[in-house]
Structure formats: C-alpha cells, structure tokens
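Colleague: Between the sequences and the hints, there should be enough to build the whole structure, so can you do that?
2 protein chains.
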Amino acid sequence: MSRKRYLLTPGPTPVPPEVLAALSQPVVHHRSPDFRPIYERTIERLKEVFRTDGDVLLFGSAGTGAMESAVANLCSPGERVLVVSAGHFGERWRAIASAYGTTVEALEYTWGEVPSAEDLAARLVELGGAKAVFLTHSETSTGVVCDLQTLSAAASEHGALSVVDAVSSLGAVPVETDAWGLDVVLSGSQKALMTPPGLAMVSASERAWAARGDSPRFYFDWERTRKAQAALDAPFTPPVSIVAGLDVALGLLLDAGLDAVFDRHVRLGRACREGAKAMGLELFSPDEDRSAVVTAIRAPEGIDATELVLTLRDRFGITIANGQGPLKGKIFRIGHIGYFDVFDITTALAAVELVLADLGADIERGVAVTRALDAYDERARV
Amino acid sequence: MSRKRYLLTPGPTPVPPEVLAALSQPVVHHRSPDFRPIYERTIERLKEVFRTDGDVLLFGSAGTGAMESAVANLCSPGERVLVVSAGHFGERWRAIASAYGTTVEALEYTWGEVPSAEDLAARLVELGGAKAVFLTHSETSTGVVCDLQTLSAAASEHGALSVVDAVSSLGAVPVETDAWGLDVVLSGSQKALMTPPGLAMVSASERAWAARGDSPRFYFDWERTRKAQAALDAPFTPPVSIVAGLDVALGLLLDAGLDAVFDRHVRLGRACREGAKAMGLELFSPDEDRSAVVTAIRAPEGIDATELVLTLRDRFGITIANGQGPLKGKIFRIGHIGYFDVFDITTALAAVELVLADLGADIERGVAVTRALDAYDERARV
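So the sequences go chain by chain: W and B. Taking my numbering, I'd label the letters of the first sequence as residues 1 to 382. Taking my numbering, I'd label the letters of the second sequence as residues 1 to 382.
These aren't lab readings, by the way, just hints derived from the structure by calculation. Because the structure is a prediction, the values reported are computed rather than measured. Accuracy of the hints is not assured; some may be wrong.
As the list makes no split between identical chains, a pair holds if one copy fits it or if it spans any two.
What the hints assert, rightly or not - Mimicking DSBU-like on lysine-lysine, the simulated pairs with C-alpha atoms at most 30 angstroms apart in a straight line are: (1) Lys277 to Lys328; (2) Lys330 to Lys227; (3) Lys227 to Lys328.
Modeller: Put into structure tokens, the structure is as follows:
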C-alpha cells in the first residue's frame with residue numbers, strides 16, 4: 001500500500017475530491033458552449049468571494065503574475081511607489097516594482113512584525129505621497145495577517161492606491177474589496193480557493209483603472225482581459241481544466257457561506273496555536289484570532305526546523321513548511337487554508353510532537369491534540 | 001445519456017485518459033520529493049521533444065506568455081525587429097513587439113500565403129538587418145506550416161535571431177531546435193503535447209541568451225527561471241497538476257517515437273485533405289505533406305462556414321474551428337494535432353458531409369470517408 005500523504009503547507013493546499021474530479025474531465029474548447037457557462041459562473045462566483053461589484057480578471061499564471069499585472073498596469077517608470085514589507089512576499093513586491101523601473105520606497109519591518117496604519121501614514125507624509133502602496137494581506141512567510149482595513153484606509157487618506165496581495169488570505173479571512181475601498185486585490189487558485197495552482201485573479205477599482213500607467217504589458221494587460229471577459233471570451237487560451245476545478249471549489253465555498261468559512265479558519269488557527277503552546281512551543285506568528293491562515297512556530301532550543309520538516313516528510317509523508325529566508329531552520333509553519341478541518345491540525349500536532357520528542361526537544365507529551373480539539377470548539381461555545 | 005463530445009479543433013486538443021487521470025491526483029507541494037522527480041523528468045522530456053541540449057524553461061501561462069517572454073527578454077525599446085506575418089498568430093507577434101516599444105517592421109503576406117526564405121532575406125537586406133525575426137511555424141489560422149529550416153537560416157545569415165512560435169507545431173511536425181540553429185523556440189501544453197492548457201515552454205540558444213535586452217520583466221524573466229530550474233525548483237508555484245499531466249503525455253509521445261508521431265500527423269493531414277477533396281471541397285491550406293497540423297477548407301459556394309460550425313456543434317457535439325479574422329465564415333478548419341487517429345478524421349468528414357448536404361451544398365456523398373482511410377494507408381504502403 002502506498003503511503004498516505006498529508007499536505008499541510010500554506011500552499012499549494014489540499015484539493016477536495018469534487019474539484020479533482022472536475023480536473024479530470026475531457027478538455028473542452030474555450031470558445032464553446034461547453035465552457036462559456038463555466039467561465040461566466042466562475043467569474044461571478046469570484047466577485048462574490050472578492051465582495052466586489054466590479055470586474056474580477058482571470059489570468060492563467062501563478063499569483064506572482066497577478067502581482068506583476070498590478071505593477072505593469074498601474075505604474076510608469078520613475079513613479080514613486082511604497083512597498084510595505086515584513087516578509088518574503090513583501091520583498092517580492094519590491095522586486096517586481098524595481099524590475100519595472102519605479103522609484104521604490106519601503107516601509108520595512110523585521111520579518112514577523114505586524115505593519116501598522118500609523119507607520120504607513122507617517123511614511124507617506126514623509127515621502128510626500130506615493131502613487132500606490134503595495135500590501136501583503138497574509139504574509140505567508142511569517143503567519144502575520146495585517147489589519148488590511150486600516151492600512152488601506154491610511155493609503156487612501158494620503159492619496160495612494162492600495163494594492164493588496166491577498167493570495168493566501170482571500171477565502172480564508174475577510175477581504176471586503178468594495179466596503180474597504182481596496183483599489184487592487186489579487187489572489188490565486190491554490191490557497192483558500194481549494195484548487196490546484198495555475199490561475200490568478202485581480203480586481204481593480206475605478207480609481208485604479210483611471211490611474212493606469214504606460215509600462216509595457218501584453219499577457220497581463222488588464223484592458224485586453226476585461227474586454228475579452230465582457231464578451232465571455234478569454235484573450236488567450238485559458239487553463240480550462242483549472243477553471244472547471246475552480247468553479248466547483250467556489251461552489252463549495254459559497255454553499256458553506258463565506259462567513260462560516262472565515263469562522264472555521266479562525267477556529268483552526270486557534271486550535272493550532274493552543275495545541276502548540278500546550279506542548280510547550282513558542283509561537284512566532286501573533287497569538288490572535290487574525291492569525292487564521294498559517295501558524296508559525298519557533299523551533300525549540302537546539303532543534304533545527306529543517307530537520308523537523310524533513311523527518312515529518314520522510315517518516316510520515318507529512319509536508320509542513322520550513323521558515324523562508326532568514327527564518328529557515330528557525331521556525332516551522334503549519335498551514336490551515338482552505339480544505340482543512342480540525343483533524344488536519346491534530347495530525348500535524350501529533351506528528352510534530354512525536355518527532356520533536358525523538359529529536360530530544362523538551363516538550364510536554366500527550367496534551368496538544370486534546371487542547372487543540374477543545375480550542376476549536378471553544379469559540380463555537382462562547 | 002449525455003451526448004458524446006468531439007473536440008476536433010486545432011487547440012485545445014483532446015487529452016488521453018492517462019493524462020486526465022494524472023490531473024486528478026492529489027496536489028503535491030512543488031518543493032517536495034513527490035514533485036521534484038516529475039518536474040525534472042518533464043524538463044528532460046521536453047528537451048528531447050525540442051531536440052535541444054540547451055535549457056527548456058517552463059512557464060505557467062498560455063503560449064502567448066511564452067511569446068511575450070521572447071520579446072521581453074530579447075528586445076529593448078526602439079530596437080528594430082521583423083515580424084513575418086501571414087495570419088492571426090503573426091499578427092500577435094506584431095502586437096506584442098509593439099507593446100514593448102520595439103520598432104516593428106513586417107514581412108506581410110495575405111492570410112494563407114506561405115512565407116519564403118527569399119522574401120525574408122530580401123526584406124532583411126532592405127532593412128539593413130534586424131535584431132530578431134519573429135516566425136510562426138504553424139499558422140493555425142490558415143493551416144500553413146512554413147519551411148522553418150530555410151526561413152531561420154535566412155534570418156541567421158543576415159545576422160538576426162530566429163524566434164519561432166511552435167505552439168501548434170512542436171510534437172506534430174519536425175522542429176530541430178539545435179540542428180537548425182533556431183535561437184528561440186516556444187510552445188504550449190495544449191496542442192501536440194496532448195495536455196490541457198496552462199503551461200508554456202521556451203528554449204533559447206546561447207546566442208539568444210547573450211543578446212538579451214532591458215525591457216522590464218519578472219514572471220517571464222528567463223534568467224530567474226533558468227536559475228530556479230537548475231536547482232530543480234520553480235521560481236513561482238507552478239501548475240503542478242498540469243506538469244504531472246504533461247509528464248505523462250510526453251512519456252506517451254516519446255514511447256511512440258517522435259518520428260513515428262510526425263509520420264502519423266502527415267498521414268492524418270493527407271487523409272483529411274483527400275477526404276475533403278473527394279467530396280468536392282476546395283482546400284484553403286496547401287495540399288502538401290507539410291500541412292500536417294490543421295486542414296483549412298473553403299466553405300462551398302453559398303455556404304457560411306459559421307453555420308456549418310454551429311450546426312456540427314448543436315446537432316452532434318462536434319467542435320471544429322471557424323475561420324479567424326478576415327476568413328471567418330469563409331473557411332473551416334479541422335485540427336489533427338496530438339491525440340488524433342484516422343477515425344477522428346473520418347468522424348469530422350462524415351459529419352461535415354452530412355451537414356453541408358443538408359445546407360444545400362453541391363457535394364459528392366459517400367466517398368470522403370473511404371478515400372480518407374485509403375489516403376491514410378497509402379503513405380505507409382509506399
């Protein structure tokens with residue numbers, strides 16, 4: 001019997017069987033009546049998940065392609081932009097904005113710190129403004145979910161467009177595109193949207209549409225895609241199988257109800273944190289309900305997180321994530337985005353507990369799983 | 001019982017069941033040992049199909065993304081390039097090169113004409129050279145497959161890089177990347193490679209690597225992707241399910257043998273043309289063995305190809321392609337790329353014959369299918 005696999009990383013994430021089944025359907029032509037209703041429904045469902053009345057544009061790419069589309073469509077070379085960076089994906093914003101020749105300023109935090117609206121406002125005043133502020137809603141590298149509403153409001157108050165990487169947050173924690181006046185929101189199929197990687201999506205406010213710049217772009221050009229989608233067409237052959245999967249996944253998400261899904265993520269995060277603390281581990285990501293996407297945990301004294309991750313993989317077929325960049329070996333990360341329930345958390349905790357004990361860590365045995373189950377229920381009982 | 005569907009267009013193309021099964025496997029992490037061997041094998045197999053010892057870079061995008069990567073990596077604004085255009089995809093080269101601010105010159109043909117090396121050489125002399133010549137190997141909009149070897153040689157002799165859109169040709173007709181000295185070759189997963197859309201691939205010669213320009217790029221940057229692939233990594237989350245499917249499809253292709261696959265495509269093209277002619281139809285694409293990718297056929301006097309295409313779809317669930325651009329309604333196109341055998345051709349011919357007769361066309365009944373079967377066998381018997 002082949003060993004079971006447990007994908008417990010913050011992305012790609014596990015995909016429900018109904019979605020996998022949709023992926024294995026025969027390929028249909030993207031301009032045929034077999035595909036157009038799927039395409040139309042997927043776009044409409046995305047608008048519900050983005051909570052926007054505006055267009056949501058689909059791109060056949062990783063989330064990074066959607067990030068690049070924001071820079072390429074909004075910015076002209078030499079324009080000043082501000083990147084809020086507190087981890088790996090903040091750094092990516094900076095790299096893309098630099099590649100397009102913008103004048104990149106940064107509001108920089110140590111990895112793991114939580115960006116604040118006050119800092120952002122002060123930095124914008126100091127700079128005399130910026131065309132756009134690039135934000136990372138859920139910094140997957142550290143587990144920090146920022147307070148997007150206050151940050152985007154600060155950007156807006158100081159005349160800057162808010163551009164939000166919501167790749168690992170959309171569908172897991174609230175993203176109120178219209179209500180919070182978010183100018184650009186982008187995400188990908190492979191996180192809380194419970195679909196394999198291959199599709200990215202972008203919403204843009206009227207203010208963002210009006211502020212487009214003149215950087216070169218073709219595949220990621222917003223206008224070309226908007227026009228094509230308005231005719232229920234796609235500008236280029238879309239990944240039809242992934243779209244078919246996303247359609248099914250969005251149906252599952254919306255049938256459950258977005259608010260119920262958000263509540264489940266809060267409880268999963270709480271279960272993971274409480275379980276980790278119960279065995280004596282120290283959290284790296286903040287111990288608060290907003291940390292509902294990925295839990296980052298410090299490796300105990302004398303333990304290399306890399307060894308923990310490799311051992312879990314080799315002994316049990318369990319994939320969790322190591323730290324990235326400066327945090328490699330120092331923290332490990334358990335994802336709980338999308339198609340996760342509490343028993344994924346208890347599996348992760350039980351296996352982490354066993355391996356850490358074998359590696360000689362001084363941890364408490366036999367309490368994490370029960371504590372996680374209790375914590376998952378507590379919120380519901382309150 | 002739900003009606004059977006027949007996807008007989010020049011792309012996306014039908015996908016073998018083994019490939020669909022691979023797509024429905026649980027998602028694995030792209031940096032795990034569950035994925036790395038698949039990734040490595042896929043890249044190695046692509047090198048065999050490209051017939052190159054150089055790198056083949058994978059991008060999660062449509063083929064157009066790979067086209068854009070060629071322009072963005074090679075060209076700086078203001079540089080003179082030459083686009084050879086004889087149809088819809090030649091026009092796309094022009095649009096992308098224009099979007100990047102190059103000085104775009106054209107060697108322009110009426111849609112359906114076959115570009116010649118003599119014309120190309122003369123145009124390059126007239127221009128005093130160009131940095132790159134953008135070629136379309138198989139112009140899917142017209143069914144013309146050009147003589148890539150002589151065209152690329154003409155570009156090279158006049159000091160220009162040859163950049164080849166091989167989206168619908170690679171794996172169907174010979175593309176000798178190294179032997180013909182092709183500087184850039186790009187393709188996509190969804191044609192002769194028998195995989196759903198979502199992946200594009202690019203090879204570049206040392207000459208092309210050395211000639212890179214300074215247009216902005218990030219997601220489609222060659223160097224970032226080459227470095228990541230060298231470490232068996234991917235620069236961004238790749239569409240792991242599509243890669244898993246492509247791996248299986250390339251295995252099928254290489255097990256059959258590339259030369260045997262090319263021969264089958266020649267015979268499929270011959271069968272389609274002979275069958276069409278037998279019922280009295282006039283070919284639009286050239287009546288020669290090189291027309292092995294898609295057969296373009298003129299709509300008979302008084303018949304609108306659009307009506308033919310819609311009727312086939314609505315009555316029989318058969319999808320063939322209409323003409324594009326100026327040829328819409330005037331021609332129809334039957335694809336035979338990838339996972340096709342002769343009975344796909346006879347199905348297309350039988351249905352076209354029936355619908356054309358019903359629409360009042362003056363055609364010969366009852367001969368096309370038999371003639372196609374004979375023509376498919378003739379070459380084998382010679």
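Colleague: Are the hints correct? Go through all of them and say.
Modeller: A quick look at each hint next to the structure:
In this assembly of identical chains, the alpha carbons of Lys277 and Lys328 lie at most 30 angstroms apart only when taken from the same copy (21 angstroms versus 66 angstroms across copies). Proximity of Lys330 and Lys227 under a CA criterion of 30 angstroms is satisfied inter-copy only: 25 angstroms between copies versus 47 angstroms inside one chain copy. Taking the shortest Cα distances, Lys227 and Lys328 sit within 30 angstroms of each other only across copies (20 angstroms), while inside one copy they are farther apart (44 angstroms).
Checked against the numbered hints above, the structure violates none of them.
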